[in-house]
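Enquirer: Next come the chains, spelled out residue by residue.
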Amino acid sequence: GESVGLHLPTLSVQEGDNSIINCAYSNSASDYFIWYKQESGKGPQFIIDIRSNMDKRQGQRVTVLLNKTVKHLSLQIAATQPGDSAVYFCAENSGTYKYIFGTGTRLKVLA
Amino acid sequence: EAEVAQSPRYKITEKSQAVAFWCDPISGHATLYWYRQILGQGPELLVQFQDESVVDDSQLPKDRFSAERLKGVDSTLKIQPAELGDSAMYLCASSLGSSADTQYFGPGTRLTVL
Numbered sequence: 001g002e003s004v005g006l007h008l009p010t011l012s013v014q015e016g017d018n019s020i021i022n023c024a025y026s027n028s029a030s031d032y033f034i035w036y037k038q039e040s041g042k043g044p045q046f047i048i049d050i051r052s053n054m055d056k057r058q059g060q061r062v063t064v065l066l067n068k069t070v071k072h073l074s075l076q077i078a079a080t081q082p083g084d085s086a087v088y089f090c091a092e093n094s095g096t097y098k099y100i101f102g103t104g105t106r107l108k109v110l111a
Numbered sequence: 112e113a114e115v116a117q118s119p120r121y122k123i124t125e126k127s128q129a130v131a132f133w134c135d136p137i138s139g140h141a142t143l144y145w146y147r148q149i150l151g152q153g154p155e156l157l158v159q160f161q162d163e164s165v166v167d168d169s170q171l172p173k174d175r176f177s178a179e180r181l182k183g184v185d186s187t188l189k190i191q192p193a194e195l196g197d198s199a200m201y202l203c204a205s206s207l208g209s210s211a212d213t214q215y216f217g218p219g220t221r222l223t224v225l
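Residue numbers (the working numbering), protein chains in the order written: chain A, 1 to 111; chain B, 112 to 225.
Simulated from the structure, these hints should not be mistaken for lab results. These numbers come from a predicted model, not from an experiment.
Stretch-level coverage of chain B by chain A, calculated; a stretch enters the list once three of its residues show a Cβ under 8 Å from a Cβ in chain A:
1) 144 to 154
2) 161 to 175
3) 214 to 223
Idealized CB from N, CA, C, for every residue including glycine.
Work out the full structure: start from the sequences and follow the hints.
Expert: Have a look at this one:
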């Protein structure tokens with residue numbers, strides 16, 4: 001309910017440091033994963049994706065790591081900037097059209 | 112860059128009234144999703160279309176919610192009557208259409224029911 005949402009896990013990092021946001025997914029059959037960034041009052045924005053035949057994928061300042069053994073996904077943001085402050089969600093897809101979203105992590109960048 | 116369009120962006124209504132939200136997916140995207148997102152939580156799927164057909168509406172409260180995508184392009188989500196607990200962000204997303212295609216979201220409609 002609403003009280004659970006207000007206790008969203010929060011990661012606070014100093015501007016310029018690297019951030020690591022973690023996600024545990026539920027379905028061992030999931031083979032496609034997306035990280036989304038959601039700023040207050042806006043829709044989720046695609047950041048990076050990875051398929052299960054890979055364990056690492058890099059984008060601009062972002063890297064996603066996939067550990068299928070323990071069903072764990074992480075998002076690394078290099079040189080975190082104030083504009084990176086947002087809630088980050090992982091989403092998994094098991095080869096169907098349906099996505100399952102994680103609970104989200106709030107990233108706060110400290111000046 | 113192509114985007115998913117939604118309107119209105121904000122809607123305030125009184126309980127028992129009817130509300131409707133509109134979504135225009137990215138051109139060429141066959142799959143369209145409607146989600147509800149409560150503050151601080153991840154999006155929860157309400158209904159999913161493949162072209163004009165409903166693929167999954169198992170989480171749609173069908174006594175008050177309805178969705179259509181008559182021509183397989185844009186879509187409308189309706190709530191009648193609205194209840195206080197319907198206050199949330201309503202998100203539309205689309206993907207090309209084959210399994211595990213990247214899903215892109217619109218800006219959402221923030222609904223407040225008084």
